[in-house]
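**Student:** For the record, the sequence lines run as chains Z and X. In terms of our numbering, the first sequence has 143 at position 143, counting the first letter as 1, and numbering is strictly consecutive. In terms of our numbering, the second sequence has 138 at position 138, counting the first letter as 1, and numbering is strictly consecutive.
Derived by calculation from the structure, the hints in this document are not laboratory data. No experiment lies behind these values; they were computed from the predicted model shown. One or more hints might be untrue.
[To be verified] No more than 20 Å apart at the CA atoms, straight line, and that leaves these computed lysine to aspartate or glutamate pairs for EDC-like: (1) K175/X x D258/X; (2) K71/X x E13/X; (3) K486/Z x D418/Z; (4) K181/X x E263/X; (5) K17/Z x E13/X; (6) K71/X x E519/Z.
[What the hints assert, rightly or not] To give an idea of the chain X side of the interface with chain Z (calculated C-beta under 10 Å), a few residues: (7) V10; (8) A49; (9) V63; (10) E91; (11) Y104; (12) A119; (13) R214; (14) Y220; (15) S222; (16) T223.
[What the hints assert, rightly or not] Calculated from the model, a selection of chain Z residues having no Cβ within reach of chain X, i.e. all distances over 12 Å: (17) I53; (18) D66; (19) I82; (20) Y287; (21) A320; (22) M336; (23) I358; (24) P374; (25) T430; (26) R450; (27) S476.
Every residue gets a Cβ at the ideal spot worked out from N, C-alpha and C, and that includes glycine.
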Amino acid sequence: MSSTTHDAHHDHHAPPKGITRWLFTTNHKDLGILYMVFALIMFFVGGAMAMIIRVELFQPGLTLVDPHFFNQMTTMHALVMIFGALMPAFTGLANWLIPVQIGAPDMALPRINNWAFWLLPAGFTLLLLTLFLPGGAPAGGWTMYPPLILQLGDAFPFLIFAVHILGISSIMGSINIAATILNMRAPGMTLMKMPLFVWAWLITAFLIVAVMPVLAGAVTMLLTDQYFGTSFFNAAGGGDPVMFQHIFWFFGHPEVYILILPAFGIVSAIIPTFARKPLFGYSSMVYATASIAFLSFIVWGHHMFSVGMPLAGQLFFMYATMLVAVPTGVKIFNWMATMWQGSMTFETPMLFAIAFVILFTIGGLSGVMLALAPVDLQYHDTYFVVAHFHYVLVSGAIFSVFAAVYFWLPKWTGNMYDERLGKWHFWLSTISVNVLFFPQHFLGLAGMPRRIPDYALQFAEFNMISSIGGFVFGLSQLIFLWVIIKCVRGGEKASDQVWEGAKGLEWTLPSPAPYHTFERPPVVK
Amino acid sequence: MSQANDVYYVPHESRWPVYGIPGMVLLAGGFSIYLNGGSWGMPMMVIGAVITLLMTVMWFRDVVNESLAHKYNAQVDRSFRQGMAWFIFSEVMFFGAFFGALFYARVFSIPWLGGEDPATSRFLWDSVVLSWPTAGPGFLDLEFQPMGAWALPTINTLILLTSGVTLTIAHHAMKENHRSKVIWGLAATVLLGAIFMSVQSYEYVHAYQDLNLRMDTGIYGSTFFMLTGFHGVHVTIGAIALFVILIRVIKGHFTADDHFGFEAAAWYWHFVDVVWLGLYVFVYLI
Ligand SMILES: [Cu+2]
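If we strip away everything but chain Z, and leave its shape as in the complex, we get (with noise of 0.2 Å):
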């Protein structure tokens, strides 16, 4: 049906060389490498962040930085973490893999997919600038609340626009996601033949499109609000705060799902090839990835428990966020079941897809106790509701991107990585990311607030607990760095298969993977 044809007529099979390459690429697979170095570079600028929370919080009193710095860091933490690093590494996997697991030229729409990705450092030069203005950094919370967020200093319009461009930016990456599944699959590949990483995304890049937009709307208002006399969450205009938080979180909820549906799709792709046996209920996952999709617009009330709502809302929301539960725990079965009887080996991308299953669970769990309407008065904003989120998004989310490095590292660099060192990452962010976030359980039950500097000195053990974990965990991440760039450099060279157990096409192709794949479509039986 289809092949690939380049302007030029010269040796198209090797990149452009120089800057411009890197510029005005439409390569799937430079375009995917750019999304994974811009997320690394903000991973570790998002973390910086966090370790200076952890610092100021490792003893009770004001100790590092005046508790305004502290609350901007708390909310540029998130905001970076969530559009910066998670967001453009899943994007950037997705952009690198998903051509070559369906057996594509390129991505749909490369043009667009250029665009996509050179927003994000649009956008981020204008909310990084933020901390060097007036009035500092937005210091609100990463949720923007109004009428909190008004009080904001010049940073106020430049975060809207940032939000609206890393809108679009992700909008777009997303339609082009979206087209390329839907269009560009080789003959063969039906839809159900699809790896699950490559459903994961199709559902995704459908909530992306349904929800962005819908952000977008919601800084607008909030900008005509401060601006140009609009009432929309002002009561005395017969608008409503709380307004507010009903259409931010109706982004909210399903954004989480964005930072985790992809992860779902790469552990479903690692423990096969790691227990040597095929997915445990291919079928049952999709649905459930679609239930979740599904469920997650009609859960945005467990957010908002305390600010006031009628009792019917409360139960909704309750009873509608405690189903999500099902279909999340047919997927833990489902992988459980997949590696029962297997013959398992613990190569570094095995622990990490391991521990995310089963740190991911007591994330999920706690989100279970957050969903009971009643309790969740108790825990509400504090360190509780911290140690759940980060449960799911640092050993959820991020453990699956570091598990998906180290997967499919050798097929992108043509090396094995170090298996030692990538063992030293493993084991010391999986023990410091418990030392890190399980104590923030009991001090947030225990009732410490968060996004305060300071605290009562009954809290002073577990916090200094807490921190010792988080230096740790920050600087474990400096061997991953390591690995990648050792791995760049050279090392044992990788077969074309990589890993004995990996099936799907993209472990066909040579490694590392020629610069054009696919130029004529392979047959899928």
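Based on the hints, put chain X with the ligand in the right spot on chain Z.
**Tutor:** Same frame as chain Z, now just chain X with the ligand:
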């Protein structure tokens, strides 16, 4: 989209996105500085807007040239179709946020502030009577009139519905290779779009001058101007797109079975049309 071409076209490189990025930073940064009261915000914004506009024009020019060179096969055509459909879906969700705000205010916040929720009314504005349209309990002494539905908005509804018909006539003519009818139908559509925007501008002047209805007239003014304003922006974009398509038709860029550019603009126009029907019912009528 010629049948002779069985390969998926991937442009070798794409310069316009990267050239446009400084434009977007200047546009957004300049607007921010302008809103913060900085004097060089406005010039930055203008430069940014010009760069962004140039980028858009050059990008589309490249795509048009590649299409004319028959570089796009049927599969590329499908990618464009799906991309456009997803984009329109994202636009629907964007309007959804503002419709959501309108419904929330009318169903929840206005009745609650008006006494239905005892706690709210006791602690905020005791015993106010609120009914839609309202500027809110804090602006009860504000005199304004809501925008009536029967004169201008009804005319505008008819104009926009007619433009949908003329566009469909043009589309059928396109499929039958009836070029003069295409040109006639498209020109009529663009003209009707321009008339719609003129009526809309007149309505805004009328609102500000005669009705004392402004963007800061509480939640009624907020939702009215936000929804009709963003709709107007989309009508303008749609009309410009159709005008470009009109010129391309006159230049003979399209054939009976190869005219996705036309169809994309038409889809967009119908989307704008449907959003208007929502506006007409929920902003003006009810
Ligand atoms: Cu949620």
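**Student:** Evaluate each hint against the coordinates.
**Tutor:** We went through each hint and held it up to the structure:
1. K175/X x D258/X: holds (9 Å)
2. K71/X x E13/X: holds (15 Å)
3. K486/Z x D418/Z: holds (8 Å)
4. K181/X x E263/X: Holds, at roughly 16 Å.
5. K17/Z x E13/X: Roughly 12 Å separates the two Cα atoms, so the pair holds.
6. K71/X x E519/Z: holds (16 Å)
7. V10: Holds: closest Cβ of chain Z sits about 5 Å from V10/X, inside 10 Å.
8. A49: Violated: closest Cβ of chain Z sits about 13 Å from A49/X, beyond 10 Å.
9. V63: holds (8 Å)
10. E91: Holds, because the Cβ-Cβ distance from E91/X to chain Z comes to roughly 7 Å (cut-off 10 Å).
11. Y104: holds (5 Å)
12. A119: holds (8 Å)
13. R214: At about 7 Å, which falls below the 10 Å cut-off, the nearest Cβ of chain Z leaves the hint on R214/X intact, so it holds.
14. Y220: It holds, given that the least Cβ distance between Y220/X and chain Z is near 7 Å, below 10 Å.
15. S222: With Cβ-Cβ at 4 Å, under 10 Å, it holds.
16. T223: holds (8 Å)
17. I53: I53/Z is indeed farther than 12 Å from all Cβ atoms of chain X, at 27 Å.
18. D66: Since the minimum Cβ distance to chain X is about 23 Å, D66/Z lies beyond 12 Å and the statement holds.
19. I82: holds (19 Å)
20. Y287: Holds, since 22 Å exceeds 12 Å.
21. A320: Check passes; 18 Å lies beyond 12 Å.
22. M336: Its Cβ never comes within 12 Å of chain X, the nearest being 36 Å, so this holds.
23. I358: The assertion about I358/Z holds, with a minimum of 36 Å to chain X.
24. P374: Since the minimum Cβ distance to chain X is about 19 Å, P374/Z lies beyond 12 Å and the statement holds.
25. T430: Non-interface label stands for T430/Z: nearest chain X Cβ at 38 Å, farther than 12 Å.
26. R450: holds (26 Å)
27. S476: holds (34 Å)
Of the hints listed earlier, the one the structure fails to meet is number 8.
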